[in-house]
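K.L.:
What follows is each chain in one-letter form.
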Amino acid sequence: MDRAIGDGDHVTNLLRGLEALTKQNDELIQLDWSAAFMKMGMTLMSTMGGASGSLLGSMFVSMGKAAKDPDMDLTAVSTIYSAGVESIKARGKADIGEKTMLDTLIPVMQSLQSDAEQNADKATVLSNMKTAATQGMQSTKDMLATKGRASFLGERARGHIDAGARTSQLILCVIADELSKN
Amino acid sequence: MDRAIGDGDHVTNLLRGLEALTKQNDELIQLDWSAAFMKMGMTLMSTMGGASGSLLGSMFVSMGKAAKDPDMDLTAVSTIYSAGVESIKARGKADIGEKTMLDTLIPVMQSLQSDAEQNADKATVLSNMKTAATQGMQSTKDMLATKGRASFLGERARGHIDAGARTSQLILCVIADELSKN
Amino acid sequence: MKKLINAVDSVLEESLSGFARAHSDIIQFNQQPHFVSRKNKSENKVALISGGGAGHEPLHTGLVGKGMLDAACPGQVFTSPTPDQMMMAAQTVEAGAGVLFIVKNYAGDVMNFEIAAEMLDCPHETVLVNDDVSLPKDHSTGRRGVAGTLIVEKIVGAAAEAGADLATCKKLGDKVVNATASMGLALTSCTVPALGQPTFDITDNEVEMGVGIHGERGREIMNLTTADELVQILAKAIDEDLQPAKGQRVLLHVNGFGATPLMELYLVYDIAAHFFEERGIEIVRSLVGNYTTSLDMAGCSITLTLMDDEMLQYWDAPVHTAALRWGI
Amino acid sequence: MKKLINAVDSVLEESLSGFARAHSDIIQFNQQPHFVSRKNKSENKVALISGGGAGHEPLHTGLVGKGMLDAACPGQVFTSPTPDQMMMAAQTVEAGAGVLFIVKNYAGDVMNFEIAAEMLDCPHETVLVNDDVSLPKDHSTGRRGVAGTLIVEKIVGAAAEAGADLATCKKLGDKVVNATASMGLALTSCTVPALGQPTFDITDNEVEMGVGIHGERGREIMNLTTADELVQILAKAIDEDLQPAKGQRVLLHVNGFGATPLMELYLVYDIAAHFFEERGIEIVRSLVGNYTTSLDMAGCSITLTLMDDEMLQYWDAPVHTAALRWGI
Ligand SMILES: Nc1ncnc2c1ncn2[C@@H]1O[C@H](COP(=O)(O)OP(=O)(O)O)[C@@H](O)[C@H]1O
Ligand SMILES: Nc1ncnc2c1ncn2[C@@H]1O[C@H](COP(=O)(O)OP(=O)(O)O)[C@@H](O)[C@H]1O
Ligand SMILES: [Mg+2]
Ligand SMILES: [Mg+2]
Ligand SMILES: [Mg+2]
Ligand SMILES: [Mg+2]
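Chains as they are written, first to last, in full-length UniProt numbering: chain C, 1 to 182; chain B, 1 to 182; chain G, 1 to 328; chain S, 1 to 328.
Hints in this document: simulated from the structure, not taken from any laboratory. One thing to keep in mind: the hints can contain errors.
Straight line, CA to CA, 30 Å or less: simulated DSS-like cross-link-like pairs of lysine-lysine [to be verified]:
{"hint": "1", "chain 1": "C", "residue 1": "K93", "chain 2": "G", "residue 2": "K137"}
{"hint": "2", "chain 1": "S", "residue 1": "K137", "chain 2": "B", "residue 2": "K93"}
{"hint": "3", "chain 1": "G", "residue 1": "K39", "chain 2": "S", "residue 2": "K246"}
{"hint": "4", "chain 1": "B", "residue 1": "K93", "chain 2": "S", "residue 2": "K175"}
{"hint": "5", "chain 1": "C", "residue 1": "K39", "chain 2": "C", "residue 2": "K89"}
Per label pair, the in silico range of CB-to-CB distance [as the list claims (entries may be wrong)]:
{"hint": "6", "chain 1": "C", "residue 1": "S180", "chain 2": "G", "residue 2": "Q32", "range": "55 to 61 Å"}
{"hint": "7", "chain 1": "G", "residue 1": "M1", "chain 2": "S", "residue 2": "E277", "range": "28 to 34 Å"}
{"hint": "8", "chain 1": "S", "residue 1": "E220", "chain 2": "C", "residue 2": "L179", "range": "57 to 63 Å"}
{"hint": "9", "chain 1": "B", "residue 1": "E86", "chain 2": "S", "residue 2": "T226", "range": "48 to 54 Å"}
{"hint": "10", "chain 1": "G", "residue 1": "T203", "chain 2": "C", "residue 2": "P70", "range": "56 to 62 Å"}
{"hint": "11", "chain 1": "G", "residue 1": "I328", "chain 2": "S", "residue 2": "T226", "range": "54 to 60 Å"}
{"hint": "12", "chain 1": "S", "residue 1": "N223", "chain 2": "G", "residue 2": "N44", "range": "53 to 59 Å"}
By construction, the Cβ of each residue, glycine as well, lies at the ideal position given by its N, Cα and C atoms.
All chains, please: the whole structure from these sequences, using the hints.
P.N.:
Below, the structure written as structure tokens:
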């Protein structure tokens with residue numbers, strides 16, 4: 001997926017990380033949210049490699065640190081997720097508009113935050129989340145990249161969706177779909 | 001031409017040699033047959049390289065040694081040419097039937113020898129020479145190679161004409177055609 | 001994809017195993033997590049650690065040994081290694097004088113090394129290599145680290161071996177980085193095993209000019225022309241960046257990307273050497289060969305380092321690694 | 001054809017010029033006729049001369065220097081050199097103790113060296129290298145000389161350096177040849193500049209098994225399968241030919257043909273080493289890399305040499321050439 005404007009390994013990296021997580025499923029289920037996020041972060045960090053490994057690893061570790069409350073209401077989810085996204089911004093020295101996964105992750109953060117403030121119902125939250133993720137992902141298409149490998153390509157990167165933005169969107173949409181089932 | 005069963009350089013080697021000879025044309029014309037053959041041999045030897053360079057070089061050097069008589073009648077030509085072919089046989093430790101240039105050169109030698117004995121007229125000599133060269137060249141097609149690079153291929157060499165046999169035939173036919181003009 | 005491998009997933013493991021066997025006289029290989037380290041640890045020496053995605057061999061594993069790296073952490077092919085590799089490597093080779101990380105400037109490498117460094121509880125410094133002048137100096141992520149990395153590792157490795165302390169090694173590393181510029185071009189893409197197809201498409205008369213070392217596209221596509229013209233473009237970019245003075249002594253490194261024969265690399269060297277000598281620059285050391293590769297990519301890069309007495313002395317100092325060896 | 005060259009006719013010249021520049025500390029290059037010779041001639045030493053078609057770099061030019069060859073005569077790409085090259089090289093490097101020619105067994109090489117030898121008026125001997133076991137021992141032209149040549153040159157080079165006389169060098173050379181077996185496979189053809197297209201066609205799932213080093217086809221076409229299976233075929237053929245006894249010490253050399261990355265070569269080494277170790281053979285020395293190449297051909301060969309104390313001592317002796325260097 002990052003073949004066009006990256007080095008072609010993003011999906012492999014992600015799959016390696018997800019596979020490692022799957023193997024720990026039984027263990028993770030035993031843990032509270034904080035410990036589970038922490039462990040997931042460490043696992044992603046030590047199995048994925050690449051830019052995305054350090055970023056997603058950092059995200060989950062930070063989410064683990066933020067998840068003190070066992071109670072997972074929308075506000076808690078929003079706070080925890082935001083802590084994760086902020087850690088990516090800090091680690092990657094990047095922000096929205098640089099053609100990275102943050103272009104998916106930040107709009108979702110904003111959507112969660114405003115839905116939490118407005119106490120929106122679950123269906124709305126999940127639908128808004130998917131819209132934000134998808135629009136964010138798509139917004140990377142016409143961007144110039146200023147972070148990550150695609151930045152080396154200058155104008156040649158325009159017209160391609162960022163791999164990290166795309167996989168983040170996919171994952172967030174799958175999560176939203178799963179949550180809407182129960 | 002020796003791409004199929006050789007290493008693909010035979011024609012290049014030959015052209016390099018012929019080009020060097022062409023450059024010496026003015027010089028060669030001044031020399032008697034013996035000296036001219038000698039010089040041609042040394043030139044081929046030091047410009048062609050490869051198996052064919054050493055063989056054709058040896059051939060011309062030997063022809064130079066054999067060309068003592070300034071008088072070039074058919075018997076002399078046959079004797080001189082035979083000396084050249086014999087030197088290839090000796091240098092290459094090869095004989096007819098091994099899928100090499102000798103399969104062209106030896107039949108021509110035999111044709112010249114018998115035409116010299118029978119005192120054949122020029123047209124007959126040249127026509128016999130062409131026939132011998134062409135049949136000889138073609139005979140290599142179905143042979144197994146036992147000398148040269150093609151020998152490494154075993155059965156895989158069958159069905160291909162040997163490059164050295166082909167170029168020898170071409171050269172001999174061109175010479176015959178030139179001689180028949182005057 | 002035509003490769004001498006058994007399975008896409010086991011390439012790295014099996015290759016490292018072979019490397020470890022073939023060079024068991026000088027290195028040892030840690031399986032979990034992956035890193036290669038020097039067999040004989042010398043006390044009170046700054047420990048040099050580098051790493052990065054695999055696929056650039058001999059960089060970095062082939063540069064572990066006396067006079068150069070203490071450890072190398074290979075990631076998956078073209079994928080930055082993970083922090084636990086650098087952590088464990090550091091714990092293994094640290095010898096009382098601190099750790100110097102030598103990191104090629106790529107987001108993934110930088111961040112993963114950073115995380116490792118943050119968790120490390122011994123003195124440490126990082127030298128960031130960013131020698132690729134195909135990108136402007138003020139590029140948003142900085143320039144990439146490419147073939148100049150070997151030169152940094154050799155010179156700083158010799159200094160560490162000679163007893164220089166951490167601050168001195170760090171300073172020397174930065175000096176070498178600042179004195180080094182590289183630029184490369186690709187004639188073909190490479191094929192990453194996990195991908196199974198060339199990373200980019202390129203026609204028979206195109207050249208990717210200004211490429212990195214991960215099979216990513218270059219700065220621009222150009223028409224394939226003579227080596228003279230292509231090498232001039234590389235050399236000019238380097239010359240404009242470093243602006244060496246007349247009489248300046250330099251090290252000229254022509255690097256192959258993996259599939260370009262030595263015959264062509266020496267031809268490239270000839271053109272580049274001529275270019276710089278014509279400008280009154282004195283080539284005092286040379287290195288020609290496939291050192292910082294991109295798997296099976298065809299192409300080359302040119303690296304120039306402005307040398308001074310100190311750097312020359314360290315370049316010449318004995319080294320014994322799998323890929324670079326002299327004086328021992 | 002995608003190559004970093006200026007013109008088909010000048011490749012060799014320009015490449016040799018670059019080689020000569022890059023290694024002017026140890027070699028000198030004679031333009032007319034072509035040969036590369038050692039810079040510092042030692043008196044009363046047997047002079048070792050090898051040569052052959054170009055395109056196998058670093059063989060042989062990259063093996064000229066202290067402890068190895070005194071001169072190398074490169075022909076055109078894949079074309080045997082001409083006798084005047086060997087004559088002139090011999091006259092230049094002969095140092096009162098005679099000349100030893102090291103010749104790979106190919107009709108062209110053999111005959112051209114033979115002619116040179118016949119014209120030479122100093123004592124001389126020839127070691128014919130024929131290590132390629134892809135051909136039967138009783139093949140009509142004998143077996144080809146391939147990657148084992150480097151091992152002959154290294155060991156005999158060290159003996160000559162140590163003062164062995166011509167007869168001793170010749171005998172040692174023959175001993176190494178008899179103790180050495182190689183076999184190779186190709187994944188792709190190479191492209192000879194003058195030809196401009198690959199020498200043979202091969203599909204994506206074919207392997208040429210039992211190839212030489214001139215881009216000629218191999219013994220047979222096989223299906224591309226795992227490295228394990230392919231390397232076993234090479235190793236088995238070598239094992240059957242040399243029949244090493246249990247406990248036999250060997251040198252294992254994995255050679256790349258030019259376009260195969262080190263990552264794959266080390267993987268091949270791992271498989272081959274495992275194969276021989278399982279049979280109780282002791283691998284005491286290893287060499288992995290692109291040494292006897294076929295321009296840009298992808299593929300590899302395996303070479304095994306049965307070592308004794310004398311050969312080990314000479315293998316370990318100092319050497320300083322462009323491509324092989326240790327101890328100096
Ligand atoms: N500095 C950064 N900040 C945020 N995201 C980044 C940054 N650098 C890269 N990324 C994201 O990482 C993705 C690439 O991940 P991956 O392919 O695993 O790493 P690598 O670039 O090391 O090969 C990009 O598509 C982009 O979304
Ligand atoms: N031993 C030999 N005796 C006679 N002719 C030979 C012998 N070996 C090779 N040849 C001829 O030489 C030709 C190849 O010449 P060339 O391609 O120039 O040399 P090389 O085989 O060294 O590449 C073959 O086609 C064959 O006709
Ligand atoms: Mg990537
Ligand atoms: Mg040929
Ligand atoms: Mg990557
Ligand atoms: Mg040839």
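K.L.:
Compare the structure with each hint and give your call.
P.N.:
Hint check results:
1. C:K93 to G:K137: Between C:K93 and G:K137 the Cα gap is close to 18 Å, so the pair holds against 30 Å.
2. S:K137 to B:K93: Satisfied, since the Cα-Cα distance of roughly 18 Å is no more than 30 Å.
3. G:K39 to S:K246: This hinted pair holds, its Cα atoms lying about 29 Å apart.
4. B:K93 to S:K175: With a Cα-Cα distance of about 25 Å, the restraint between B:K93 and S:K175 holds, given a limit of 30 Å.
5. C:K39 to C:K89: Roughly 21 Å separates the two Cα atoms, so the pair holds.
6. C:S180 to G:Q32: 55 to 61 Å: Given range 55 to 61 Å: violated, Cβ gap about 40 Å.
7. G:M1 to S:E277: 28 to 34 Å: Given range 28 to 34 Å: holds, Cβ gap about 29 Å.
8. S:E220 to C:L179: 57 to 63 Å: holds (60 Å)
9. B:E86 to S:T226: 48 to 54 Å: holds (53 Å)
10. G:T203 to C:P70: 56 to 62 Å: Between G:T203 and C:P70, where Cβ atoms are some 60 Å apart, the hint holds.
11. G:I328 to S:T226: 54 to 60 Å: Once the Cβ atoms are compared, 37 Å apart, the range 54 to 60 Å for S:T226 and G:I328 is violated.
12. S:N223 to G:N44: 53 to 59 Å: Roughly 56 Å apart at Cβ, these two residues keep to the hinted range, so it holds.
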